[in-house]
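**Q** Chains as they are written, first to last, in our numbering: chain A, 21 to 335; chain B, 21 to 402.
For the record, the hints were derived by calculation from the structure and aren't laboratory data. Bear in mind the structure is a predicted one, so any value in this text is a computation, not a measurement. Hints are not guaranteed to be accurate.
One side of the interface only, derived from the structure: several residues of chain B facing chain A at Cβ under 10 Å [unchecked claim]:
(1) L37
(2) E240
(3) L242
Glycine included, every Cβ here is placed at the ideal spot set by N, Cα and C.
Here's the letter readout for the chains.
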Amino acid sequence: MDTKNLGDVAISASNLTRNFGQLTAVSALDLTVEKQTIYGFLGPNGSGKTTAIRLLMGLLKPTSGQVSVLGCNLPQEANKLRLQIGYMTQKFSLYDDLTVKENLQFISRIYGLTANEQKARLSELLSVYQLTKLSKQLAGSMSGGQKQRLALAAAVLHKPKLLFLDEPTSAVDPQNRREFWEQLFDLCDQGTTILVSSHYMDEAERCHKLAILEDGIKKADDSPQALITNLPAKVVEVQANDLRHIKDNLTKLPQVISAAQLGTHLRVLIQESVAQPIDFLQQQPCLSTKDKFTLVRASLEDVFVTCTGKEAIAR
Amino acid sequence: MKTSLLRIQAIVIKELLQLSRDKMTFGMVIMIPLVQLLLFAFAINTNVRDIPVGVVDHSQTALSRVLQQTVSATGVITFTHSYHSVKAAQAAIDSSEVRAVLIIPKDVSQRLVRHPSVGFGLPPSSKQETSRPIAQWLVDGSDTMIASSIKSLRNMPLSELLDKPANRNTPTFEVTLLYNPEQRSVVNIVPGLVAVILTMTMIMFTSAAIVREKERGNMEMLITTPLAPLELMIGKIVPYIFIGIIQVVIILGMGYWLFNVPFNGGFAQLALATLLFICASLVLGLVISTIATSQLQSMQMTVFILLPSILLSGFMFPYEGMPEAAQYIAEALPATHFIRLIRGVVLRDVTVVEMGFDMLWLIAFTCIGLLIAALRFKKTLD
Numbered sequence: 021m022d023t024k025n026l027g028d029v030a031i032s033a034s035n036l037t038r039n040f041g042q043l044t045a046v047s048a049l050d051l052t053v054e055k056q057t058i059y060g061f062l063g064p065n066g067s068g069k070t071t072a073i074r075l076l077m078g079l080l081k082p083t084s085g086q087v088s089v090l091g092c093n094l095p096q097e098a099n100k101l102r103l104q105i106g107y108m109t110q111k112f113s114l115y116d117d118l119t120v121k122e123n124l125q126f127i128s129r130i131y132g133l134t135a136n137e138q139k140a141r142l143s144e145l146l147s148v149y150q151l152t153k154l155s156k157q158l159a160g161s162m163s164g165g166q167k168q169r170l171a172l173a174a175a176v177l178h179k180p181k182l183l184f185l186d187e188p189t190s191a192v193d194p195q196n197r198r199e200f201w202e203q204l205f206d207l208c209d210q211g212t213t214i215l216v217s218s219h220y221m222d223e224a225e226r227c228h229k230l231a232i233l234e235d236g237i238k239k240a241d242d243s244p245q246a247l248i249t250n251l252p253a254k255v256v257e258v259q260a261n262d263l264r265h266i267k268d269n270l271t272k273l274p275q276v277i278s279a280a281q282l283g284t285h286l287r288v289l290i291q292e293s294v295a296q297p298i299d300f301l302q303q304q305p306c307l308s309t310k311d312k313f314t315l316v317r318a319s320l321e322d323v324f325v326t327c328t329g330k331e332a333i334a335r
Numbered sequence: 021m022k023t024s025l026l027r028i029q030a031i032v033i034k035e036l037l038q039l040s041r042d043k044m045t046f047g048m049v050i051m052i053p054l055v056q057l058l059l060f061a062f063a064i065n066t067n068v069r070d071i072p073v074g075v076v077d078h079s080q081t082a083l084s085r086v087l088q089q090t091v092s093a094t095g096v097i098t099f100t101h102s103y104h105s106v107k108a109a110q111a112a113i114d115s116s117e118v119r120a121v122l123i124i125p126k127d128v129s130q131r132l133v134r135h136p137s138v139g140f141g142l143p144p145s146s147k148q149e150t151s152r153p154i155a156q157w158l159v160d161g162s163d164t165m166i167a168s169s170i171k172s173l174r175n176m177p178l179s180e181l182l183d184k185p186a187n188r189n190t191p192t193f194e195v196t197l198l199y200n201p202e203q204r205s206v207v208n209i210v211p212g213l214v215a216v217i218l219t220m221t222m223i224m225f226t227s228a229a230i231v232r233e234k235e236r237g238n239m240e241m242l243i244t245t246p247l248a249p250l251e252l253m254i255g256k257i258v259p260y261i262f263i264g265i266i267q268v269v270i271i272l273g274m275g276y277w278l279f280n281v282p283f284n285g286g287f288a289q290l291a292l293a294t295l296l297f298i299c300a301s302l303v304l305g306l307v308i309s310t311i312a313t314s315q316l317q318s319m320q321m322t323v324f325i326l327l328p329s330i331l332l333s334g335f336m337f338p339y340e341g342m343p344e345a346a347q348y349i350a351e352a353l354p355a356t357h358f359i360r361l362i363r364g365v366v367l368r369d370v371t372v373v374e375m376g377f378d379m380l381w382l383i384a385f386t387c388i389g390l391l392i393a394a395l396r397f398k399k400t401l402d
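Chain A on its own, in the form it takes in the complex (with noise of 0.2 Å):
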C-alpha cells in the first residue's frame, strides 16, 4: 500500500482476532475500508459483526492484531477517535423517557456545540430526517422507523467522518428502509464513510464493497458486482412436482451445494466442476427430463448461501 493510498482509507484492520473465554467472535479479520465508500458486514446473527464494529470503534479491545482508524492506532488513541466517529447502535440507545428534541438537544450538548449552533443543527436534523413534527413527543413511544430516524440524526448530529451503524434496519419496514438507505447515500455523497452490518440481502446489495462473515471468519470481500459474477457455482431452477422430495434428495449429492425452494421452484445451487449443471441434474433418478430446468443468474443470496454452507458440509 503506497502512500497516496493510505490517506483514502478510512479503516485498516489486519489480523484482528478477539477471544470471549473459549469463543473466538473474531478471528484474524483482515479489513480495509476506502473514504467515501458503504461498506456492509453481512452475516447470519452469531457471526461477529457487533463484536468487529466494537473493535474499530475501540470499545473492546483485541486481543491480537492492528487497526488503524481515520490515522488513529486503536486501542490507544480511541478517545481521539471519538469525536470523529458516529454509532448508530443495533438497540435503541437514546432516552425513551426524553422527547426527540430533548434527546438531540443533550447528544449536541455532549459534543459540545454552542446554543447557535445547536439551534441551527436542530432545525436542519428535524427536517432531513422528518422530525419536525415529531419534535415534542417522547422517544419510548414512537414506531421502528421514526425511532431510526432519530438514531441517525443523533448519530450524525456532529457530522462524524465515518459512522457505524450495527444492523440498523433490523426493526424498520421495507419503505422505511428504502428511504434509510437513500439518507445513507446523501451522506456518503457529502464526505462519510459509512460501515454498516445487516443480515438482509437487498441491503447488502447496496453497499460499494462488502465482506461476508461466519463464526468470526471472513469468508469473501469485494463488490457485491464482483461477488456475484465470480461465484464458484451455477444456479439452476427446477420446476418439478414433489418438490420436498426431490430437495432432500439433492442435498445429499456433493456437486450440489444448497437447494431451496421457492414457491413452485427449487433453486439447486451445483459447484462450478460441473460442466453441464442441467444435465448432471436430469440424470438424478428423482428428476426426469419431463421436468423443467432453467439455468439462472446467481444472487447475492447464492453467494452467501455459497460463502457459509461450504464451512458446514466441511464439518
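On the provided structure of chain A, position chain B as indicated by the hints.
**A** Chain B in isolation, oriented as in the chain A frame:
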C-alpha cells in the same frame, strides 16, 4: 474546560428531565421524609408509658387499693388485669397478656409503716423487719426497655400514702440536663432522622444511576461520545444535591413545627454540614452503581449500607456503648459523622469548625469515592 462544563450540564439537564417524568421517584422525594418523620418521631419513644400490668392483691384493703392508684398515677403502668394467685399471674406474663405483675402481700400495711421511706424512724429491736419491701414486681425482663421502666418504680416515694411530707434522701450527685431538659426523645431523633433518610434516598437514587444506563442500553451510546467518566459522575450527582436539600428542609421544618425540636444552630453551619453529607452519600451510591450489574443488585447493596447506618451510627444506640470493632465500622459510615455534626449544630449550636474532624472526614470520603467511581467506570465494553 468550557466543553467539559457543557457536558456536565447536558447530564444534569437530562437527569432532571427524566426525574420530572418519573412520577414515582419524584413522589418518593417528598413522601419518604414526610411519612418516615411522622412514623419514627411518633413511634420511637424511649420513655415507655402505660405498660399493661396485672395485680395480685393478697391484702384486699383500702391501703392496697390506694397503693395501686398511686403506682398507676405515675403513668408508667396501667393495671389491666387482676389475678387471684401468683401462679395465674405468671401464666399471664408467659402468654404476654401483661408485661409485669404487682404482688401485694397480706401484711402490706405493717410493711408500709415500718418502711424507712415512710419516715417513722427505725424501730430499734426489729432491723430485719425494716428491710422488707412493701410489695413485689414480677417483670417480663426480655425487653430491657420495659424492664428498666418498671425498675425505675423501685424507689418511688410513698409517703403521701400516709399523709406525711416527702422525706427524700439527698442525692449523691446533682445532675443538670443540658439541651433537652424535658428528656423528650424527638429532640434527639429528628436530627438523626435527617441522616437516616438522606442515607436511604441519596444512596438509593445514585446507586441506580449508572446501572440504569447500562440496563436500558444507553451506556453503549454514552461511551462512544467524548463524555469523560468524571463528567458523567458529577453530572449524575448535582441534581440529587438539590433533592437532598429539599428533604432536609422538610424534615427539619416538620420537626420544628410539629415536634418543637429546638433549632439552636446557625443555618450556614447546618447547610455546610448537610451539603457535605449529601455529597458523601451520593458518591457512595455512585461507587455501588459502578459495582452492581443490575438495578436489583444496587438496591440490595443500598440496604447493606443502610442497615448499619441506622443501627451503628448512633441514631438508635449511643456510639460509646458499642464494642470497639463496631465503633470502627461506625466510624467508616458517613452517617455516623453526620449525626454527630447535625446534633451538634441543631441542638447544641456548635460550629462546624469545632467539629472539624467529622467535616474533614466527609470531605475526604467524597473526594476518594468520586475518584474510585470515576476510575472504576471504564469507557470500554471489555
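**Q** Hint by hint, say whether it matches the structure.
**A** Going through the hints against the structure:
1. L37: Where the cut-off is 10 Å and the nearest Cβ of chain A is about 6 Å from L37 (chain B), the hint holds.
2. E240: With Cβ-Cβ at 5 Å, under 10 Å, it holds.
3. L242: Holds, because the Cβ-Cβ distance from L242 (chain B) to chain A comes to roughly 8 Å (cut-off 10 Å).
Of the numbered hints listed earlier, not one is contradicted by the structure.
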